[in-house]
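A.B. asks: The chain contents come next:
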Amino acid sequence: SAVISQKPSRDICQRGTSLTIQCQVDSQVTMMFWYRQQPGQSLTLIATANQGSEATYESGFVIDKFPISRPNLTFSTLTVSNMSPEDSSIYLCSVDGRAPEQFFGPGTRLTVL
Amino acid sequence: KQEVTQIPAALSVPEGENLVLNCSFTDSAIYNLQWFRQDPGKGLTSLLLIQSSQREQTSGRLNASLDKSSGRSTLYIAASQPGDSATYLCAVNAGGTSYGKLTFGQGTILTVHP
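Sequence order for the protein chains is A and B. Counting from 7, one number per residue, gives the positions in the first sequence under this note's numbering. Counting from 6, one number per residue, gives the positions in the second sequence under this note's numbering.
Bear in mind the hints are in silico, worked out from the structure with no lab data behind them. Here the structure is a predicted model, which means the values were calculated and not measured. The beta carbon of each residue, even a glycine, is placed where N, CA and C say it ideally should be. Among the hints, a few may not be true.
[As the list claims (entries may be wrong)] Chain A side only, calculated, beta carbon under 8 Å to chain B, not exhaustive:
#1 Leu49
#2 Thr54
#3 Phe72
#4 Leu98
#5 Asp102
#6 Phe109
#7 Gly113
#8 Thr117
#9 Val118
#10 Leu119
[To be verified] Distance ranges between label pairs, derived from CB positions:
#11 Pro119(B) <-> Asp70(A): 42 to 52 Å
#12 Gly65(B) <-> Gly22(A): 47 to 57 Å
#13 Ile18(A) <-> Glu20(B): 29 to 39 Å
#14 Pro45(B) <-> Leu119(A): 14 to 24 Å
[Claimed, not checked] Reference excerpt, derived from the structure (chain A facing chain B, CB under 10 Å, subset only):
#15 Phe39
#16 Gln47
#17 Glu107
#18 Gln108
When you get a sec, could you build the whole thing from the sequences and use the hints?
C.D. replies: Next up, the structure:
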């Protein structure tokens, strides 16, 4: 199984600011995914991050709000830009390290005041 | 568009009971289905994965079944323990060009009391 770490584990931010979340995997993977889990809700896919190409965003999510980087096969970042209280969520990255099973990081708990 | 529903939304049982969690999905053209466990404020732990060609998978006290044609999966937990208390999520992987993109149900919150 893939071991995934995320930084930070939690943060409290002021509205209007931005936060960059890091996701590190212990092995090379083709695809990395970013999900959002709003309070009391299930997970919703934000985007797919492939190394060497632009991220692919799901309906309702845009690059200006959630820019993503994927500089190599073990690392990705998600930035939550110009934050509002509605962005308060747990953000999780996942990988298909050893297909077909998918593995998730521990999540980043974001609170926006 | 795939939709995944989990029933019940919450379940409270005494320790030792056997229990069944249900998951249904609207589009039977799936690649696989995965069950996860999520502890409060934490990430997801993969429990079982069932490929579309399989009928069931077992791991310890857990057994997951899949009836792809009817769009249903069940997670059976035998001899429940307080440590099983968590939210259980099922997720469907459509495969193909959507490979890796999981569609999640809303989850079942399980409480096992001593």
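A.B. asks: Does each hint fit the structure? Answer for all of them.
C.D. replies: Comparing the hints with the structure gives:
Evaluation of the Leu49(A) hint against chain B yields a held restraint, the C-beta minimum of about 5 Å falling below 8 Å. Residue-level restraint check for Thr54(A) holds (minimum Cβ-Cβ distance to chain B is 7 Å; threshold 8 Å). Contact between Phe72(A) and chain B, as hinted, is not supported at the beta carbon level, the nearest pair being about 16 Å apart and thus beyond 8 Å. Satisfaction of the interface hint for Leu98(A) is found here, the shortest Cβ-Cβ separation to chain B being roughly 6 Å, below the 8 Å cut-off.
Against a cut-off of 8 Å between C-beta atoms, the interface hint on Asp102(A) holds, since the closest Cβ of chain B lies about 5 Å away. Satisfaction of the interface hint for Phe109(A) is found here, the shortest Cβ-Cβ separation to chain B being roughly 6 Å, below the 8 Å cut-off. For Gly113(A), the shortest C-beta to C-beta distance to chain B is roughly 4 Å, which falls under 8 Å, so the interface hint holds. Because the smallest distance between the Cβ of Thr117(A) and any Cβ of chain B comes to about 12 Å, over 8 Å, the interface hint for this residue is violated.
With a least beta-carbon distance of about 17 Å to chain B, the hint placing Val118(A) at the interface is violated under the 8 Å criterion. At about 18 Å, the closest approach between the beta carbon of Leu119(A) and any beta carbon in chain B exceeds 8 Å, and the interface hint on this residue is violated. Checking the proposed 42 to 52 Å range against Pro119(B) and Asp70(A) shows it holds: the Cβ atoms sit about 50 Å from each other. Roughly 48 Å separates the CB atoms of Gly65(B) and Gly22(A), a value that falls within the hinted 47 to 57 Å.
Restraint check, Ile18(A) to Glu20(B): a C-beta distance of roughly 37 Å satisfies the suggested window 29 to 39 Å. Checked against the hint of 14 to 24 Å, the C-beta distance between Pro45(B) and Leu119(A) comes to roughly 22 Å, which is consistent with it. Below 10 Å, beta-carbon pairs count as interface contacts, and Phe39(A) has one with chain B at about 6 Å; its hint therefore holds. This hint holds: Gln47(A) has a C-beta 7 Å from the nearest C-beta of chain B, less than the 10 Å allowed.
Among the interface hints, the one on Glu107(A) holds; its C-beta lies about 5 Å from the nearest C-beta in chain B, closer than the 10 Å criterion. Annotation: interface hint on Gln108(A) holds; nearest CB of chain B at approximately 6 Å, less than 10 Å.
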